[in-house]
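Generate the whole structure from the sequences, applying the supplied hints.
Protein chains: 2
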Amino acid sequence: MIEQLTIVGLGLIGGSLALALKQAGMVSRVTAYARRQETIDEAIGLGVIDSGSTDMGLAVAGASVVVVATPVGVMAEMFELLRPHLTPQMVLTDVGSTKGSVVAAASQAFGQLPAGFVPGHPIAGTEENGVAAAFAELYQGRRVILTPLDSSSEPSVSTIRQMWQACGAEVVEMGVEHHDEVLAATSHLPHMLAFALVDTLARMDESEEIFEFAAGGFRDFTRIASSNPAMWHDICLANRGALLAVLQRFSADLGELTRAIENGDSEHLLQTFRRAKGARDRFAEKF
Amino acid sequence: MIEQLTIVGLGLIGGSLALALKQAGMVSRVTAYARRQETIDEAIGLGVIDSGSTDMGLAVAGASVVVVATPVGVMAEMFELLRPHLTPQMVLTDVGSTKGSVVAAASQAFGQLPAGFVPGHPIAGTEENGVAAAFAELYQGRRVILTPLDSSSEPSVSTIRQMWQACGAEVVEMGVEHHDEVLAATSHLPHMLAFALVDTLARMDESEEIFEFAAGGFRDFTRIASSNPAMWHDICLANRGALLAVLQRFSADLGELTRAIENGDSEHLLQTFRRAKGARDRFAEKF
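Going down the list, the protein sequences come from chains X and U.
Taking our numbering, the leading residue of the first sequence gets 1, the next gets one more, and so forth.
Taking our numbering, the leading residue of the second sequence gets 1, the next gets one more, and so forth.
Source of the hints: derived by calculation from the structure; they are not laboratory data.
Predicted model, so just to flag it, every value in this text is computed and none were measured.
Careful: at least some of the hints might be erroneous.
Cβ-to-Cβ under 7 Å is the rule here; a few derived chain X residues that face chain U [as the list claims (entries may be wrong)]:
no.	residue
1	T186
2	A196
3	T200
4	L254
5	D281
C-beta: ideal position from N, C-alpha, C; glycine also.
Spelled out as structure tokens, the structure:
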């Protein structure tokens with residue numbers, strides 16, 4: 001049971017967490033920090049939070065758990081704002097899509113990393129943004145990755161684990177660096193490809209006509225290109241190293257495939273397509 | 001009204017066409033050519049065709065419209081088999097995803113292109129294959145592109161146009177080369193990217209774990225990597241020129257995006273993502 005949850009950054013992710021914990025009866029009081037009073041008023045109106053403030057000190061006063069749920073590019077600033085108000089009793093987590101950059105920002109802001117700090121990343125979301133899009137079921141059956149640090153205390157890890165489990169999520173742990181590699185491959189790289197593809201086509205002379213004749217496969221393939229540009233800008237730069245490594249690997253593989261098409265290398269083409277279909281079909285069965 | 005429709009190649013595409021025309025009361029009799037008698041028996045059992053033969057001459061005897069609905073890699077062989085049996089009264093079309101290669105194959109097989117030949121391409125399909133997956137509604141609201149040739153007679157074009165309209169499709173016309181460019185961009189390139197991405201990840205050391213943490217966006221993005229490898233092998237090689245052109249363009253754009261990530265070029269990243277999101281959102285509204 002969480003006495004007071006404080007959400008820093010009121011959007012889909014933080015709002016859905018608040019709603020899920022309320023629905024599960026796992027939290028007594030939810031407060032929030034937001035930059036704009038209108039966001040707080042909206043969230044109170046929606047029943048997402050009980051109270052909130054544009055003053056960080058007022059927002060987190062009395063918090064047992066603080067969840068930073070802003071885009072990763074803003075977390076350094078939030079940690080700075082939090083620093084004077086964080087007490088040793090507070091457990092602190094975040095929901096950032098990259099973990100190395102968040103840990104570096106926390107380290108920078110706090111000097112010594114607090115024992116209550118447990119970095120986290122719920123693998124969930126929609127193309128919608130904002131607290132109005134929040135819903136209690138967002139984390140049902142989804143994965144949440146925690147990347148506890150050497151500095152993280154056992155009770156803090158346990159609190160954050162139970163918090164996400166109460167939302168219906170499956171919690172797993174891994175190292176910070178490993179998290180960033182896995183996410184670069186499964187999420188950040190696909191987003192780069194979707195953005196790049198749609199942009200390539202949009203810049204072609206006959207772009208209007210091209211989109212006219214795109215079919216269902218194209219719609220599915222490019223859905224993630226509708227994601228928030230500012231958020232993805234942040235993620236790219238925050239996970240630069242791991243993303244560049246996997247981009248390089250992909251570009252080399254695409255180069256090989258291109259040469260196989262050029263040379264009419266049927267063997268290479270069939271092997272690649274079969275291996276990919278096999279992996280995708282196995283993945284689809286599990287999902 | 002089509003007196004006798006003959007489907008050459010009994011799969012999802014040909015089978016669904018037969019079912020749609022039957023349901024619309026637009027065809028009196030449907031026959032088919034298939035390599036294996038079991039396919040014919042299955043299609044008769046499913047009510048897709050009335051009769052069929054593994055002998056091309058018997059299958060097309062009496063046909064008013066012949067539709068070649070095999071993978072594009074097999075069409076040259078089908079045209080060869082058809083040649084001795086095609087009469088000037090028969091209207092001939094195909095459903096190939098590439099049009100330049102099909103026209104070249106027809107030209108090779110028939111010498112002079114028949115006035116009854118009208119190349120076509122229904123922009124429809126599922127990840128399912130085979131006649132058992134056929135359903136009458138497949139073409140409802142979908143586009144069918146016809147690429148009539150200088151040799152195509154007006155009445156033939158009209159017959160094929162009405163045939164697809166009877167299935168609920170919207171029929172548009174364009175040139176062969178233009179078709180191949182548009183499809184390379186909207187369909188063939190995305191398939192290459194999806195196959196290449198899944199293959200890149202499948203070949204990484206931690207591939208099992210990577211697929212474990214992939215989320216909904218990844219599932220949508222990679223759905224087309226479950227497509228038929230042999231069919232896509234054929235399409236790649238059949239539309240090699242146009243596909244290589246757009247692959248080159250995409251690779252250059254992805255290279256630029258990679259350099260922007262490397263250099264922390266926020267402006268370039270935001271511009272690219274915003275332009276892509278804008279184009280994708282406009283596309284999604286129309287679709």
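request  = Hints the structure violates: just list their numbers, smallest first.
outcome  = none
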